[in-house]
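Kindly produce the complete structure, drawing on both the sequences and the hints.
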Amino acid sequence: MNEMIFEAKDLSRSFTVGRSALRNLANRFLGERTPTVLRAVDNVSLTLREGETLGVVGESGCGKSTLARMIAGILPVSSGERHFRGEPYDSLLARKRDALKIQMVFQDPLSSLNPRLRVGEIVGEAAVLHGLVPRSRVKDYVVDILARVGLPADSISRYPHQFSGGQRQRVGIARSLAVKPDMLICDEAVAALDVSVQAQIINLLMDIKRESGLAMIFISHDLGVIRHLCDRVAVMYLGRVVELAETEQLFATPTHPYTRMLLDGMPKISLERRKFMPIQGEIPSPLNPPSGCHFHPRCPIATEHCRRTRPELREIASGHVHACLNVEAL
Amino acid sequence: MTEPFFQVDGLNTWFFTRQGVIKSVRDISFDLRRGEVLGIVGESGSGKSVTGMSIMGQIDEPGRIVSGSISLDGQELTALTFEEMRRYRGRKIAMVFQNPLMTLNPLMRVRDQMYEAISEHEDVSHREMHDRCIEVLKAVGIPSPEERLNAYPHEMSGGMRQRVVIATALLLGPDMIIADEPTTALDVTIQAQIIYHIRRQIDERGLGMIWITHDLSTLSELADRIMVMYAGATMEIGTTEDIIGSSRHPYTRKLLDSVPSRNTPGEKLRQIPGNMPSLLSLEKGCPFASRCERATEICSEPVPATQLSATHRIWCYHPFEG
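From first to last, the protein sequence lines stand for chains A and B. Just so we're aligned, residue 56 is where the first sequence starts under my numbering, counting upward by one. Just so we're aligned, residue -7 is where the second sequence starts under my numbering, counting upward by one.
Do not rely on the hints blindly, as some may be mistaken.
[As the list claims (entries may be wrong)] Restricting the straight-line Cα-Cα distance to at most 30 Å, the calculated cross-link-like pairs of lysine-lysine (DSBU-like) are:
| # | chain 1 | residue 1 | chain 2 | residue 2 |
| --- | --- | --- | --- | --- |
| 1 | A | K264 | A | K323 |
| 2 | B | K130 | A | K64 |
| 3 | A | K264 | B | K130 |
| 4 | A | K323 | B | K276 |
| 5 | A | K156 | B | K130 |
[Claimed, not checked] Here chain B is said to cover these stretches of chain A; the calculated rule only asks that three of the stretch's residues, wherever they fall, bring their Cβ under 8 Å from a Cβ of chain B:
| # | region |
| --- | --- |
| 6 | 242 to 255 |
| 7 | 316 to 322 |
Hints are computed from structural coordinates only; laboratory data are not their basis. Glycine included, C-beta positions come from ideal geometry on N, C-alpha and C.
Quick look at the structure:
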């Protein structure tokens, strides 16, 4: 098995919501001292090996983007440990050049690419700044990378707005590749693209993975894309990982009731008329998550026990963990 | 099968911009029956949304319906004045958009917005307005509708907001609803809920629905018939079985093939090479020809429709064998 490249242990991240000067003042006078805390990510542990692609899937508010930002090192953690090749993030991130080994691709390339820079600068800037390539040779360097992501050489002198959505996402990927990362975090990187363009970008990511053995964390709400691209998948619900397994196994034998609900809800191209079932309940607000197992109000097999006890992740088969108190009982 | 109550015939909607004429919709024809969901599927720039806006009479300068007819129960909609069309919208045809926050007024309670929708068109008592609001909110599966009536849009989740929009669309008992990517921004479990309720309302009320989306998977499960659009033109139209099960058009097949669930996990997806042509520089032939493996010289000529069966029509010189 390949070397471990990334390890997260008990990562948590909380945000204080609605803390404004006015609110603080009001609290002081009214004697209320209960700021609303949103626990976006709640004790998540993950590992990633060299060359592996780990998928993180979940619905709005499950904390997958917060998790992605913590893994990318652009968001501090509230508690927990992050290690990259055995080294804690604190010392890694202090050395700017090594921090580049972790790169991120975002959903909306238009808001993550500087509109006032030409593609040549967007892609080449960091590599020059960090001495990965001398300024005199940066043009050839960028043209090479653009070719790798399937963009013509003359893109170099154009601005982001002059590209289509798919091409812009290629620019975003090129910018990440330009600093020779070891780990790439893609946060909904294909969500905003048309089906045919999405296929092109997915193929590009697979090519990159195959050529350079890049380790990837792929965050998405789209189970079809996750299934296609990932070796292992973590399913998140309201800040917690509820199930984690090899992709094949997760799709063949999902055990957590939430994973099953998610797989059932996944639209498939088929001629069988699906009996759309009214699934119980809404996704609760992460501000006020249900007690015990967060999923219990929507769960078809929840018991009184689930209302009170937080389920821990337990291994049910080799490499397959889930957090459900009740599945075995059935 | 019942007769169609709604027809679009030879619709052309163009935008006259400084860069040139953008022919967003070219020669689109289709019809709709009561209790039927027609899916219009296409990628960005295919003209699917402009088709919906054209029906609603919401094409603004520099755009214009250049030619074609849109008729509902024999009434020609393109001939209506602005004021007549305004009364038509909501009462006869309602539209649901992707982003409910753009449809809902953030400063008004749900109750006031829904009441306004009724009072714009009818003169009824508060009691009746209230009862009708509760009825439609229940119909789309909103729990404790009384409470929701008092809520502001920001107090609800995205799925709940979209349900309020759909409920409002049902409020005046329209003949048809046009939904433009109504569940695209929603989570899958919420999407499944909403589709369940919409399908039920269509069947119960005998509504006609046009469901505009880029998502073939959702359509395959929801739609009765599907129209495939590309660069402003229809490529293929037929029953869901015709399109999903036995598509004959190279573009439809490519589109189906590029969906991850139709590919072997871990292997390269079958992708469509190249990009959609600019709508400014469309030639008279098939717009897909430049990306099509089967294309020959004749594809640069105008493509006539071929009727493959009673339900299945295709615009292609080199269709796949049936």
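Hint-by-hint comparison with the structure:
1. A/K264 with A/K323: Since the Cα atoms of A/K264 and A/K323 sit roughly 27 Å apart, the hinted pair holds (cutoff 30 Å).
2. B/K130 with A/K64: The hint is violated at about 45 Å.
3. A/K264 with B/K130: 49 Å, violated
4. A/K323 with B/K276: 35 Å, violated
5. A/K156 with B/K130: Between A/K156 and B/K130 the Cα gap is close to 53 Å, so the pair fails against 30 Å, i.e. violated.
6. 242 to 255: Per the Cβ count (7), the hint holds.
7. 316 to 322: holds (count 6)
Consistency with the previously given hints fails for numbers 2, 3, 4, 5, ordered from lowest to highest.
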